[in-house]
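*Asks:* Residue strings, one per chain:
There are 2 protein chains.
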Amino acid sequence: MELPKSIAVQDITSFDPPKRKLMGPGPSDIHPRISAALSRHCIGHLDPEFVKVMDEIKLMTQYVYQTTNQLTMVVSAPGSAGMEACFVNLVEPGDKAIVCINGVFGGRMKENVERCGGTAIVVEDEWGKPVDPNKVEEALKAHPDAQVLAFVHAETSTGVRSDAEVLCQLAKQYGCLSIVDTVTSLAGIPVLVDDWGMDAVYSGSQKCLSCTPGLSPVTFSKRAVKKIKNRATKVQSWFLDMNLVMNYWGTAGTKRAYHHTAPVNALYAMHEALLMVQEEGLDDRWERHHKHHLALKEGLEELGFRYLVDEEYRLPQLNAVFLPEGLDEANIRKQLLEDHMLEVGGGLGAFAGKIWRIGLMGYSAREENVEYCLGALREVI
Amino acid sequence: MELPKSIAVQDITSFDPPKRKLMGPGPSDIHPRISAALSRHCIGHLDPEFVKVMDEIKLMTQYVYQTTNQLTMVVSAPGSAGMEACFVNLVEPGDKAIVCINGVFGGRMKENVERCGGTAIVVEDEWGKPVDPNKVEEALKAHPDAQVLAFVHAETSTGVRSDAEVLCQLAKQYGCLSIVDTVTSLAGIPVLVDDWGMDAVYSGSQKCLSCTPGLSPVTFSKRAVKKIKNRATKVQSWFLDMNLVMNYWGTAGTKRAYHHTAPVNALYAMHEALLMVQEEGLDDRWERHHKHHLALKEGLEELGFRYLVDEEYRLPQLNAVFLPEGLDEANIRKQLLEDHMLEVGGGLGAFAGKIWRIGLMGYSAREENVEYCLGALREVI
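From first to last, the protein sequence lines are chains A and B.
Following numbering that gives the first Met the number 0, the numbering of the first sequence begins with 0 at its first residue and continues without gaps.
Following numbering that gives the first Met the number 0, the numbering of the second sequence begins with 0 at its first residue and continues without gaps.
By construction, these hints were calculated from the structure, which means they are not laboratory data.
Be aware that one or more of the hints could be misleading.
Which copy? The list can't say, so a pair holds if one copy fits it or any two copies do.
Here are the simulated SDA-like cross-link-like pairs (lysine to any residue), alpha carbons at most 25 Å apart as the crow flies [what the hints assert, rightly or not]:
1. Lys254 with Pro132
2. Lys171 with Gly325
3. Lys221 with Ala329
4. Lys51 with Gln9
5. Lys221 with Leu58
6. Lys233 with Pro92
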């Protein structure tokens, strides 16, 4: 058989990635233990040994989310798909959802509501400020027919933390289910699903869990599961339909049924990442993020950086800072990447070219990284 | 902060997977080179070095699909999501799609059409038989308003190959776009996207590419892209909306825009897997699958197995066989797994408990595996 020569590819070789330190908004540095788990021998996605791994992942995901929710598992795709899993399962055509926007990811939530055939009532706050519970309560009062309240716990675009406990309690008080983005918060600051009464929560593997990018841990409360089981319409996504996925993950208490082929190796890495959270303990892990944030903050402020977010709402794991006056941020960021093998993040949206986002997430939240980052900054500016 | 003790997890340790030989319907054995690539140092999903990797993956995916389609990339989720990517982009509410069902995955296509708000016209063929082009042509004639013809090239549930070239030509003749599942065929038997005039094609990473499970290479023809760009409605999935994804993959010719966080390490593995296809050459790779299939077939028939599918339509990479009379298939399969570290697949649907599916995919298609499998079978039956 003759192959079209024109599309044969030459001159491509195995990729040897540069050894960057990852201090952007994610992915974060991956611990050698997690890398090692990633490349272990692949087995079948229905192998009894793999089913045990899935069971353990479920248990440890419950721990990291601080929940006893039965429907707790890991979506076989990145955080954006975890977000979509929450919306497509909980928002039916014609439903009304209150969506809080104070950064990029709130905007994405609105897109999700609309693509599910729902109506989004937007509560806006300034980028860099937390979601204002008073505005949310006004919206809940004005829209008693809303079924969902959606917000971002830790806005990756601005480094701001909103008060998830207060917002979830408001949702409950007004008869809404809460959908909460904890992509950047989970395992870096407290996310207490049961204590706070959160209903549908998603996160990403590549932030404070320091796992390989591409997975999304999710959890759904009993109230959320009830809604999912009693929908009038089928979930529009077959791949993300929790009615099907829960049978594969064994979270429905029934015999496991094949649904899709799980990303086996990535889940090995997730197993190891969650195990490391267990071993460290959530309390100590939160404290570690806080401690290294303080050290970084001191150094950054000495260098003339100033924080975008008020101290009270600042995320220790994502430092959004204005550069000292007169610096060419894109050029300096390029120097850090190329000459110092250090990745920090630029600003998004209105903050593009204005702020940096310096991550201290998971394995990246350590003294070595803080010192390395400050040292490199002292050289380039 | 006090943690609920009840959900603290004890007694979980790092997972050390058993060293199975994977000869089921996928995942297949992963080559050491691909495993090694998987755990290389993670860098950012917008790092210029990673963007180069994505460009190379795109080129090599074009090669493996034998296409010059600009919109060729890898979906950041398993084959089921690749399937969904094709349907949500090409089927709008109210659209009519002709769906061929001759196994499990045709049934899943029907689900997809319906969840997109479309109407599925089903053309059924017996499980184990190829899709009958005559029936398809009748359906196309009876439904001149159909916009899509969807079928499975290589049915993973039965090991049958349908004639993709003839079916895609029929689609074109009757003004339909073709959606083709090549999950099990790609890189194991010819899939000639341009020559055959295929419009939207998806596959999986874990079959004849022998990459880690969790990714789905896809390609869309110019005709398909035109439809996507001129939809009356937004694609219902934000995560799988090719209008957005193509801007991240740089397949729209514009500056790259952040969409979602790519599964960086899994894409390293895909890069290496595609490189190994390049190095071997598609012709030789197809020939290798054929050769080892013949050897396995000879041994299986000597042992009293007989093939479900007629020789003409048999997939070399997926051997669907009835067991010799009087054997307890589940028990023997368990023995193979536990005592011989060998995974073979059971039957699905109507064939559950009746057939086995023995895979010879990618790196698993080698003499060592054929001999190992036949040797183990001789011992257990």
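*Asks:* Now look at each hint and say whether the structure bears it out.
*Replies:* These are the hints, each one checked on the structure:
For the identical chains of this complex, Lys254 and Pro132 are neighbours neither inside a copy (43 Å) nor across copies (38 Å), given an alpha-carbon limit of 25 Å. In the homo-oligomer, the alpha carbons of Lys171 and Gly325 never lie at most 25 Å apart, since the shortest distance is 48 Å inside one protomer and 59 Å across protomers. Taking the closest pair of Cα atoms, Lys221 and Ala329 never come within 25 Å of each other, the shortest separation being 47 Å inside a single copy and 36 Å across copies. Proximity of Lys51 and Gln9 under a CA criterion of 25 Å is satisfied inter-copy only: 14 Å between copies versus 43 Å inside one chain copy.
In this homomeric assembly, Lys221 and Leu58 come within 25 Å of each other (Cα to Cα) only inside a single copy, at 17 Å, whereas the closest approach across copies is 46 Å. In this homomeric assembly, Lys233 and Pro92 come within 25 Å of each other (Cα to Cα) both inside a single copy, at 10 Å, and across copies, at 14 Å.
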